[in-house]
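Colleague: Sequence:
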Amino acid sequence: MTHIATRSSQDAVRVENYRTILGRWPTGVALVTAPASRPGAPPPGMVVGSFTSVSLDPPLVGFLPARTSTTWPQIRAVGVFCVNVLSAGQRPVCEAFVARSPRRWDVPHHWSPSGCPVLSDAQAWVECVLHAQIEAGDHWFVTGVVRSLGAGRQGHPLVFLGGRYGTYAPTPVPGGRTLDPVTA
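In this note's numbering, the protein residues as written are 399 to 582.
It is worth saying that the hints were derived from the structure and are not from the lab.
One or more of the hints may lead you astray.
[To be verified] The calculated label-pair distances, taken between Cβ atoms and stated as ranges, are:
1) P424 / H529: 25 to 33 Å
2) R436 / D504: 18 to 26 Å
3) S435 / G573: 49 to 57 Å
4) N415 / S435: 37 to 45 Å
5) E414 / H529: 30 to 38 Å
Virtual Cβ for every residue (Gly too), placed ideally from N, Cα, C.
When you get a sec, could you build the whole thing from the sequences and use the hints?
Modeller: Structure below.
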């Protein structure tokens, strides 16, 4: 059964309360990039906290850009994109893209097989062909078919929680075992 929220139920959820409560859920931080849409233009790049695995067969990933985004239409127009999973040390890179700094591309990077920028110090990268764009309230739910991917440097990822950036530190398991959440 699918429940569609009515206007009265939406009114009961205040925006401030919604943000505060959901701000308790940590998210990874990723930079979505694409090839430049015209010669001489900088490649588009946008920071997202909504990157997720969607499907193994076919291999799909997704993220949710705001419908008001001016960067998403540039990426959508090219039809390919690369999700760079940011490392803890890449907070300045994240902030440069959020602020649209003219020097945001002054960071070591190389090119994916389809010409997307891949940040050299990213934890991982996932290159995709656009699969679908679905309206989801004030955002789009975008899915991409994974075409290539790679692991970057090892370390800790950049995480966003409670309106602040941080990182992940594993919790030791009694007895020194490693806890695998898939088999736990």
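Colleague: Now look at each hint and say whether the structure bears it out.
Modeller: Results for each hint:
no.	hint	in the structure
1	P424 / H529: 25 to 33 Å	holds (26 Å)
2	R436 / D504: 18 to 26 Å	holds (21 Å)
3	S435 / G573: 49 to 57 Å	holds (54 Å)
4	N415 / S435: 37 to 45 Å	holds (39 Å)
5	E414 / H529: 30 to 38 Å	holds (34 Å)
Checked against the numbered hints given earlier, the structure satisfies every one of them.
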